[in-house]
Amino acid sequence: MTNDPFPERFASLPPYAFPRLRALLDHLQPGGDVIHMTIGEPKHAFPDWVKDVLAANVDGFNSYPPNDGTPELREAIAAWVHRRYGVEIDAASQILPLNGTREGLYNVGMALCPEQKNGQRPTVLMPNPFYQVYMISSISAGAEPVFVPATAETGHLPDFAGLPSDILDRAAMLYICSPANPQGAVASESYWRDLIALAEKHDIRILADECYSEIYRDTPPPGALEIATKMGADPERVIIFHSLSKRSNLPGLRSGFAVGGPESLKHMKQLRNYSGAPLPLPIQRVSEKVWADEDHVIENRRLYREKFEIADEILGNTPGYMSPEAGFFLWLRVPNGEDAAVKLWTETGVRVLPGRYLSKPDANGVSPGDEYIRVALVASAEEVRRGLTAIKACLYEQ
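In case it helps, my numbering puts the sequence shown at residues 324 to 721.
Rather than coming from a laboratory, the hints here were simulated on the basis of the structure. Every residue, glycine too, gets a C-beta built ideally from N, C-alpha and C. Errors might be hidden in some of the hints.
Think about it this way: if two alpha-carbon atoms lie no more than 30 Å apart in a straight line, the pair counts; the simulated DSSO-like pairs of lysine-lysine are [said to hold, decoys possible]:
id, residue 1, residue 2
1, K366, K589
2, K630, K666
3, K553, K524
4, K592, K612
5, K715, K683
6, K666, K683
7, K374, K683
8, K666, K524
9, K630, K524
10, K612, K666
11, K553, K630
12, K715, K440
13, K666, K440
14, K440, K524
15, K553, K612
16, K630, K374
17, K589, K612
18, K440, K553
19, K715, K666
20, K592, K524
21, K666, K366
22, K589, K440
23, K630, K612
24, K630, K366
25, K553, K366
26, K592, K630
Estimated spans, in silico, between C-beta atoms of each pair [stated by the list, open to error]:
id, residue 1, residue 2, range
27, A402, A368, 21 to 27 Å
28, F341, P543, 27 to 33 Å
29, A402, F333, 24 to 30 Å
30, M645, A615, 33 to 39 Å
Given these sequences and hints, build the entire structure.
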């Protein structure tokens, strides 16, 4: 087409990670029984009573859902935030239920990123490796995405303070994922304090992706809103994003939330009025009950803790192995991630994701994910054990 409507700013985007993986592997024959360890799709059972709640409210599909969420859902979320982080929030003005947190992580850029900051094109800062929706949201909003390495040298969390002052002065927003996907690193209270102080100094809004916050070994990870409240930071400084996908093994429910300052949430709700993606009413009713229950979350953590221990047992003495603090991924060091993924697939049938597919190369074509593979621990303990045993034999014992 001579008048291609596809915006030029999207023309050079790399393929999304999983189509890219299919192009790498699907034309090759697996070398054994297939074991999927690529996608972070929880496989543990969700609570049985979810089906009963959904069935009891199925007539709600006959009605348009409330755009901002039912009062009952917003109250359930506010109660959970208070239990988890000790923070009091106003259910009416500080919460927006989301049709999956990806909706919120994308639309927040459209709703809140200014066209200019200090008279220039704004930047949006994000870790590298990163969840790709961060980049697409920034580009969609007309901002310049800035990729900040999150490597072993920085504790697998981005060192935003190390950026040049001109980048920081133009920064309108920054994305941060804790616990981190893919590395499982957790931002400590000290890290949050330093980051919030930096954001206050340069007037940057923090977008805290905390979707893995409830999958941890022993100590609950501190949250951005929790620390910002302790510090007395600007109430609009931080927006947190949470999900029932990982916490409650309900990725298909597409239910999460954003919590932040009233002014930020007002603009996000206004965009929702036009973009039109509220949760169906039966889903909202289920979500109310799921946020109110912790028993199934405790059991979920126990199952993941068992798999962390299996990973430590099998891979603990391999070079560069890092036992994750939280989340459900392993970030394994290899000479070349793509080569390792092909070798595993063709020799064992184990399917993993090259780290390069989750990271942005620099001007020299080098990315912080080049020498890694991401391995998801979402299957049963037995299947995880078989997969990790094959990975060790194939990649680390030859």
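Evaluated hints:
no. : hint                       : verdict
1   : K366 with K589             : violated, 35 Å
2   : K630 with K666             : holds, 24 Å
3   : K553 with K524             : holds, 17 Å
4   : K592 with K612             : holds, 23 Å
5   : K715 with K683             : holds, 27 Å
6   : K666 with K683             : holds, 23 Å
7   : K374 with K683             : violated, 41 Å
8   : K666 with K524             : violated, 48 Å
9   : K630 with K524             : violated, 41 Å
10  : K612 with K666             : violated, 45 Å
11  : K553 with K630             : violated, 34 Å
12  : K715 with K440             : violated, 49 Å
13  : K666 with K440             : violated, 47 Å
14  : K440 with K524             : holds, 14 Å
15  : K553 with K612             : holds, 29 Å
16  : K630 with K374             : holds, 27 Å
17  : K589 with K612             : holds, 25 Å
18  : K440 with K553             : holds, 28 Å
19  : K715 with K666             : holds, 12 Å
20  : K592 with K524             : holds, 27 Å
21  : K666 with K366             : holds, 26 Å
22  : K589 with K440             : holds, 21 Å
23  : K630 with K612             : holds, 28 Å
24  : K630 with K366             : holds, 13 Å
25  : K553 with K366             : violated, 36 Å
26  : K592 with K630             : violated, 39 Å
27  : A402 with A368: 21 to 27 Å : holds, 24 Å
28  : F341 with P543: 27 to 33 Å : holds, 31 Å
29  : A402 with F333: 24 to 30 Å : violated, 40 Å
30  : M645 with A615: 33 to 39 Å : holds, 35 Å
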